[in-house]
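> Residue numbers (our numbering), protein chains in the order written: chain F, 1 to 282; chain Z, 1 to 282; chain D, 1 to 282; chain X, 1 to 282.
A couple of the hints might just be wrong.
The list treats identical chains as interchangeable, and a pair is accepted whether it falls inside one copy or across any two copies.
Calculated pairs, PhoX-like style, for lysine-lysine (alpha carbon to alpha carbon, straight line, at most 20 Å) [to be verified]:
hint, residue 1, residue 2
1, K114, K98
2, K253, K170
3, K170, K279
4, K53, K170
5, K53, K230
6, K245, K30
7, K253, K69
8, K53, K98
9, K173, K245
10, K53, K173
11, K230, K280
12, K245, K170
13, K114, K279
Hints are computed from structural coordinates only; laboratory data are not their basis.
Now for the letters of each chain:
4 protein chains.
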Amino acid sequence: MRITLGQNNYGKSHVRMLRLSRQERHHEIKELTLDISFEGDFDQAHIVGDNSKILATDTIKNTVYVLAKQYPPEPIEEFAEHLIDHFLTYNPQVSRVKISSTEHPWNRIAIGGKPHSTSFLRGGNERRTAMVTATREQTRFTAGIEDLAVMKTTGSAFEEFLRDPYTTLKETKDRILMTNVRAEWQYAAEEIAYSPIWHGVRQALIETFADHDSRSVQHTLYAMGEAVLKSFESISEIRLAMPNKHYNLADLKPFGLENNNEIFVPTEEPHGMIEATLKKDA
Amino acid sequence: MRITLGQNNYGKSHVRMLRLSRQERHHEIKELTLDISFEGDFDQAHIVGDNSKILATDTIKNTVYVLAKQYPPEPIEEFAEHLIDHFLTYNPQVSRVKISSTEHPWNRIAIGGKPHSTSFLRGGNERRTAMVTATREQTRFTAGIEDLAVMKTTGSAFEEFLRDPYTTLKETKDRILMTNVRAEWQYAAEEIAYSPIWHGVRQALIETFADHDSRSVQHTLYAMGEAVLKSFESISEIRLAMPNKHYNLADLKPFGLENNNEIFVPTEEPHGMIEATLKKDA
Amino acid sequence: MRITLGQNNYGKSHVRMLRLSRQERHHEIKELTLDISFEGDFDQAHIVGDNSKILATDTIKNTVYVLAKQYPPEPIEEFAEHLIDHFLTYNPQVSRVKISSTEHPWNRIAIGGKPHSTSFLRGGNERRTAMVTATREQTRFTAGIEDLAVMKTTGSAFEEFLRDPYTTLKETKDRILMTNVRAEWQYAAEEIAYSPIWHGVRQALIETFADHDSRSVQHTLYAMGEAVLKSFESISEIRLAMPNKHYNLADLKPFGLENNNEIFVPTEEPHGMIEATLKKDA
Amino acid sequence: MRITLGQNNYGKSHVRMLRLSRQERHHEIKELTLDISFEGDFDQAHIVGDNSKILATDTIKNTVYVLAKQYPPEPIEEFAEHLIDHFLTYNPQVSRVKISSTEHPWNRIAIGGKPHSTSFLRGGNERRTAMVTATREQTRFTAGIEDLAVMKTTGSAFEEFLRDPYTTLKETKDRILMTNVRAEWQYAAEEIAYSPIWHGVRQALIETFADHDSRSVQHTLYAMGEAVLKSFESISEIRLAMPNKHYNLADLKPFGLENNNEIFVPTEEPHGMIEATLKKDA
Numbered sequence: 001m002r003i004t005l006g007q008n009n010y011g012k013s014h015v016r017m018l019r020l021s022r023q024e025r026h027h028e029i030k031e032l033t034l035d036i037s038f039e040g041d042f043d044q045a046h047i048v049g050d051n052s053k054i055l056a057t058d059t060i061k062n063t064v065y066v067l068a069k070q071y072p073p074e075p076i077e078e079f080a081e082h083l084i085d086h087f088l089t090y091n092p093q094v095s096r097v098k099i100s101s102t103e104h105p106w107n108r109i110a111i112g113g114k115p116h117s118t119s120f121l122r123g124g125n126e127r128r129t130a131m132v133t134a135t136r137e138q139t140r141f142t143a144g145i146e147d148l149a150v151m152k153t154t155g156s157a158f159e160e161f162l163r164d165p166y167t168t169l170k171e172t173k174d175r176i177l178m179t180n181v182r183a184e185w186q187y188a189a190e191e192i193a194y195s196p197i198w199h200g201v202r203q204a205l206i207e208t209f210a211d212h213d214s215r216s217v218q219h220t221l222y223a224m225g226e227a228v229l230k231s232f233e234s235i236s237e238i239r240l241a242m243p244n245k246h247y248n249l250a251d252l253k254p255f256g257l258e259n260n261n262e263i264f265v266p267t268e269e270p271h272g273m274i275e276a277t278l279k280k281d282a
Numbered sequence: 001m002r003i004t005l006g007q008n009n010y011g012k013s014h015v016r017m018l019r020l021s022r023q024e025r026h027h028e029i030k031e032l033t034l035d036i037s038f039e040g041d042f043d044q045a046h047i048v049g050d051n052s053k054i055l056a057t058d059t060i061k062n063t064v065y066v067l068a069k070q071y072p073p074e075p076i077e078e079f080a081e082h083l084i085d086h087f088l089t090y091n092p093q094v095s096r097v098k099i100s101s102t103e104h105p106w107n108r109i110a111i112g113g114k115p116h117s118t119s120f121l122r123g124g125n126e127r128r129t130a131m132v133t134a135t136r137e138q139t140r141f142t143a144g145i146e147d148l149a150v151m152k153t154t155g156s157a158f159e160e161f162l163r164d165p166y167t168t169l170k171e172t173k174d175r176i177l178m179t180n181v182r183a184e185w186q187y188a189a190e191e192i193a194y195s196p197i198w199h200g201v202r203q204a205l206i207e208t209f210a211d212h213d214s215r216s217v218q219h220t221l222y223a224m225g226e227a228v229l230k231s232f233e234s235i236s237e238i239r240l241a242m243p244n245k246h247y248n249l250a251d252l253k254p255f256g257l258e259n260n261n262e263i264f265v266p267t268e269e270p271h272g273m274i275e276a277t278l279k280k281d282a
Numbered sequence: 001m002r003i004t005l006g007q008n009n010y011g012k013s014h015v016r017m018l019r020l021s022r023q024e025r026h027h028e029i030k031e032l033t034l035d036i037s038f039e040g041d042f043d044q045a046h047i048v049g050d051n052s053k054i055l056a057t058d059t060i061k062n063t064v065y066v067l068a069k070q071y072p073p074e075p076i077e078e079f080a081e082h083l084i085d086h087f088l089t090y091n092p093q094v095s096r097v098k099i100s101s102t103e104h105p106w107n108r109i110a111i112g113g114k115p116h117s118t119s120f121l122r123g124g125n126e127r128r129t130a131m132v133t134a135t136r137e138q139t140r141f142t143a144g145i146e147d148l149a150v151m152k153t154t155g156s157a158f159e160e161f162l163r164d165p166y167t168t169l170k171e172t173k174d175r176i177l178m179t180n181v182r183a184e185w186q187y188a189a190e191e192i193a194y195s196p197i198w199h200g201v202r203q204a205l206i207e208t209f210a211d212h213d214s215r216s217v218q219h220t221l222y223a224m225g226e227a228v229l230k231s232f233e234s235i236s237e238i239r240l241a242m243p244n245k246h247y248n249l250a251d252l253k254p255f256g257l258e259n260n261n262e263i264f265v266p267t268e269e270p271h272g273m274i275e276a277t278l279k280k281d282a
Numbered sequence: 001m002r003i004t005l006g007q008n009n010y011g012k013s014h015v016r017m018l019r020l021s022r023q024e025r026h027h028e029i030k031e032l033t034l035d036i037s038f039e040g041d042f043d044q045a046h047i048v049g050d051n052s053k054i055l056a057t058d059t060i061k062n063t064v065y066v067l068a069k070q071y072p073p074e075p076i077e078e079f080a081e082h083l084i085d086h087f088l089t090y091n092p093q094v095s096r097v098k099i100s101s102t103e104h105p106w107n108r109i110a111i112g113g114k115p116h117s118t119s120f121l122r123g124g125n126e127r128r129t130a131m132v133t134a135t136r137e138q139t140r141f142t143a144g145i146e147d148l149a150v151m152k153t154t155g156s157a158f159e160e161f162l163r164d165p166y167t168t169l170k171e172t173k174d175r176i177l178m179t180n181v182r183a184e185w186q187y188a189a190e191e192i193a194y195s196p197i198w199h200g201v202r203q204a205l206i207e208t209f210a211d212h213d214s215r216s217v218q219h220t221l222y223a224m225g226e227a228v229l230k231s232f233e234s235i236s237e238i239r240l241a242m243p244n245k246h247y248n249l250a251d252l253k254p255f256g257l258e259n260n261n262e263i264f265v266p267t268e269e270p271h272g273m274i275e276a277t278l279k280k281d282a
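Required output: the full structure, derived from the provided sequences and hints.
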């Protein structure tokens, strides 16, 4: 029996950074968390403990702060590209770099309807993500959004589904639909205006969710993905994951009351999970 | 040696509810989590296992849903009062009821700048809280806000502090100040417009934080509390807790670079914690 | 209207430390998280931003590491006392210090039944806590335990409870009882053997839980507190908080099956919450 | 432009279950959380909202409880197989079922060194996992462990690593190594004694970690994987992920003290992340 080392990678995770850009009349901020990992020629490190081809993960972290001094972190895709260029240029032993970044949103504080120039309010759980994976031959960009929590209180049904002996669920013409959308999409083109497109995709997802006449989560998920692919020429593929966080009707019958879709019990678990990829045909 | 039962309470925690109110042209929603607890004559339950004075916590939960059908949950303070009235009226063995409620914010989805009538977007981590505690003689209202995450990128110094042999911190004229404000305030008056005042307090806290010329977290906390007490006649007392979530300067000196307050390392722990109560003198 | 500053405190939270003690034949480790806070003469810091009486929270943190070099962190109560002595001795402006500490348990890895001298396995979620609060006149010790998760699958009933029109819960002679015990106790005496007593209290709580013929959570909580007070002369008072994490019977009737207390659905929310203090009479 | 539906799946996540088995002299318990997902012929559900081939996720959940009544949940791999058999037999529209399960460990409470027959203590964060994926042609088993938190206080160095201009990390002959191991392994054979092998793999991982003379996390990870592959003929491949949770030396130099590897600052972020797959050659 011979043992071989298969796919392997290492790097630094949860590297946090805030970049403050001091403009003449206001400040801009960008808060990111980065996970950086390398694939490459690391067999001897694993097998005999030879570290001569291992750039310390502490150095990977330092490099983030050094390059943040030199390059703007907006958009996060381009900042990741600068990091990758650096790592691939100076590290022949590295064959592939993957950088996943998450942006923590901050909005300006409004005073009397006017945005403050240097004070900010955290913008919720929703996060912009980007994953850039590159070899010396090819770079691939995946943009995304996580924990986009949305709810619709009408326009959502679930009827005429398959029933078997263990089915007790009732059909419903009108239920609450609540989900935390996770979306990830691939760019077909080069020269992408990453940030404007990201905001456009987010709005397309939200608007389609709001207006869709939903027969199921699958049905609405598909409509959301279709809206994005139709609206953005530069996007070739999108994957959506939408948990169905059930808002169950409170049972008031034992108390002689009817619950006309008024009182709901939000639940965390169990939840449905619906995932699908939509692509453009070549 | 004799053992006695001291203060004791029981109840139901994490009772979740969404109340959907169907108006003619739009839906209103309110999502709450309630913790309800009773004090009263429960000695025999503890000592000999006599449950005859124990209303099951399952019944407490049912009562929330039944009363949500009868009373609007807006404002949460008044809904809590209805629950307390019910419990004190029908349960002579209960001498005190405490209801802590947390509201999970939902905002309308905007399409083309127009708010959608039946679709909503989660409004972040920030939560409105209310605690109502009542005996048959007296009811006390505490309103609050949790996890109000704010940051200012200038107008915050920390200088001329006490130094001892273990002090290594440098003085700074200009640092990032980031905190998750927790506030709780007491009402002096009766007949409070709870929801408008809550929004007013929140805005006063945010505006003061943004505009204050801060010499320390204590200094800004005090200014924020003072602004609330001065602006709202009906509030007699406020307590603020403000962790100092340090955004440390990345050290770029080893790389021959100067960091002019541009690149920061956000941290979770350890963090400063500053808490104070401000009151109006009688 | 005059505004006054009421109770206030500040300090450093989530100060983490591992102390490694190198014995001749083995290593000992202690991992702690400390929250340290000061009360004192801090009015001018709040009101006018005068920091001259503010020892930086960064210095508080440094002091933990310096004193950890000088004093063993075992037991955590005595290490906290050393810290407090230091702070009160060198800081006349401070009138009260509170140190809450949490110990993260590590057990030795066993190889062939023999404990390893320098390798450890994390000991679960359960945490030993200690809170020491001191002025220059008086020191008060509270020891505790958090998240002690226990379950009994028989010997737990809930019957003959109060019923009202909203009660739907059925009586049960035999249910699963699962809880995460939180306990905090006060010492009456001085010269306490903190660590042996802590382990003794933990065992008394667990054994009583296991063997008690429970008529309710209140009933078992009381028995657990009583066992501790009876077993440990040096303990004057104990407070217990025991959430009732419901393990509901899965409803198999729709499928023609009987569920003889075999298949349960564990739940997180809502949950019962039962809290009580037991004291020794003077 | 034509849009096509790519890979898609749906199911129920976080289905929780406790199975209580009443033996003559003692009780056995098994607490699981299951995530179940289906792939199959669901295009029309997505595209036109036709639910006729959609078995409700609520039914998937019900099926878990029904089958838990009929089949023992020990080992979890075999219980998952029964569920998959059921779903594939009665649902021709389903082509692939994936079941990920997590077991929450409970140990017996010991009284006077004797294990209690019906009372249990939660066994920490560490979790046994199993993933079974099956089509009508093939079933694949992956077993695993998550959050196995281990630490070694000596026998871990990191030296002679690659240095570049951004490297500031010092070489060390003796550091603390702490990690939360995640392992997943594939079975080559059929007729596996899943539970005994799982415990054997866990012990091999822990023992190798404890005894290894580590030159890096990669070096120790490889040794751990190798030990498993060499010890268990039935395992063909293992993947390990080991975050390097840094325990940094507290800097006591500013206070004139030397820190001889005694006082450490545990950190959560950033952390190293090392991942690799080891395989047996065919």
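> Hints first: check each against the structure and report whether it holds.
How the hints compare with the structure:
1. Neither within a single protomer nor between protomers do K114 and K98 lie at most 20 Å apart by alpha-carbon distance, with minima of 40 Å and 40 Å respectively.
2. In this assembly of identical chains, K253 and K170 lie within 20 Å of each other by CA distance both inside one copy and across copies; the values are 16 Å within and 17 Å between.
3. Taking the closest pair of Cα atoms, K170 and K279 never come within 20 Å of each other, the shortest separation being 34 Å inside a single copy and 49 Å across copies.
4. Proximity of K53 and K170 under a CA criterion of 20 Å is satisfied inter-copy only: 16 Å between copies versus 61 Å inside one chain copy.
5. Within a single copy, K53 and K230 get their C-alpha atoms no closer than 46 Å, and across copies no closer than 27 Å, so neither meets the 20 Å cut-off.
6. For a Cα distance limit of 20 Å, the shortest separation of K245 from K30 across copies, 16 Å, qualifies, whereas the shortest one inside one copy, 31 Å, does not.
7. In this assembly of identical chains, the alpha carbons of K253 and K69 lie at most 20 Å apart only when taken from different copies (12 Å versus 64 Å within one copy).
8. For a Cα distance limit of 20 Å, the shortest separation of K53 from K98 inside one copy, 18 Å, qualifies, whereas the shortest one across copies, 39 Å, does not.
9. Taking identical chains as interchangeable, the C-alpha atoms of K173 and K245 lie at most 20 Å apart only when both belong to the same chain, with a minimum of 17 Å there against 34 Å between chains.
10. Taking the shortest alpha-carbon separations for K53 and K173, only the inter-copy value of 18 Å comes in at or below 20 Å, while the best intra-copy value is 62 Å.
11. When the C-alpha separation of K230 and K280 is checked against a cutoff of 20 Å, the pair qualifies only within one copy, where the shortest distance is 9 Å, while the shortest distance between copies is 47 Å.
12. In this assembly of identical chains, K245 and K170 lie within 20 Å of each other by CA distance solely inside one copy; the values are 17 Å within and 28 Å between copies.
13. For the homomeric pair K114 and K279, neither the shortest alpha-carbon distance inside one copy (42 Å) nor that between copies (31 Å) is at most 20 Å.
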